[in-house]
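All chains, please: the whole structure from these sequences, using the hints.
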Amino acid sequence: MKKQITLMDRPRMQRTLHRIAIQVWERMGNDKELVIIGLNERGYATALELSENIADLLGKDISAHRYEVSGNSSETPLPDCNDKFVLLVDDVIFSGKTMFEALSAICGMYEPDIIEIAVLIDRGHRKYPLLTHMSGITVPTKAGEHIEVMLKDSKLKEAILFKNK
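Count the sequence shown with the numbering used here and you get residues 56 to 220, in order.
Hints may contain errors.
Derived DSS-like pairs (lysine-lysine); straight-line CA-CA distance at most 30 Å [what the hints assert, rightly or not]:
(1) K218 with K139
(2) K207 with K218
(3) K197 with K182
Hints in this document: simulated from the structure, not taken from any laboratory.
See below:
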């Protein structure tokens with residue numbers, strides 16, 4: 056039987072995304088064009104809500120783009136990232152494989168000015184040399200544990216840690 060622990064509820068996610076939006080605004084400066092790319096379904100849901108927070112800070116519309124890392128990524132082509140501030144967004148980062156594949160795709164096609172990573176939850180245990188400077192919480196998990204961000208109507212609902220009892 057698995058034990059479930061709620062790591063983040065909806066209000067906490069909203070506060071976290073607002074804080075990350077402020078960090079993005081501080082890092083990007085006034086002269087850079089921002090491109091937000093959400094990875095897969097949950098990363099895109101996170102990116103959409105983050106882009107709303109950033110748009111409120113900047114006073115202009117900021118759109119988020121969806122990029123499907125696994126499967127047929129040609130169905131969701133990457134936006135132009137040349138000479139731009141690129142923000143890669145995912146709900147949870149663990150080994151870094153998904154993020155690394157997205158970074159490889161972007162750098163294989165474009166030359167961004169800077170690329171930053173933002174995530175709601177950092178599980179640690181990286182296999183790839185990636186750092187997240189903007190994350191909501193860090194939860195180093197054990198073998199057999201899993202974190203899942205739940206969606207309701209394509210909006211972030213809660214983050215659950217599933218532990219083996």
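Outcome of the hint check:
For the hint linking K218 to K139, the alpha-carbon distance of about 40 Å lies beyond 30 Å, and the restraint is violated. Between the alpha carbons of K207 and K218 the distance comes to roughly 22 Å, so the proposed pair stays at or under 30 Å and holds. About 15 Å separates the Cα atoms of K197 and K182, which keeps this hinted pair within 30 Å; it holds.
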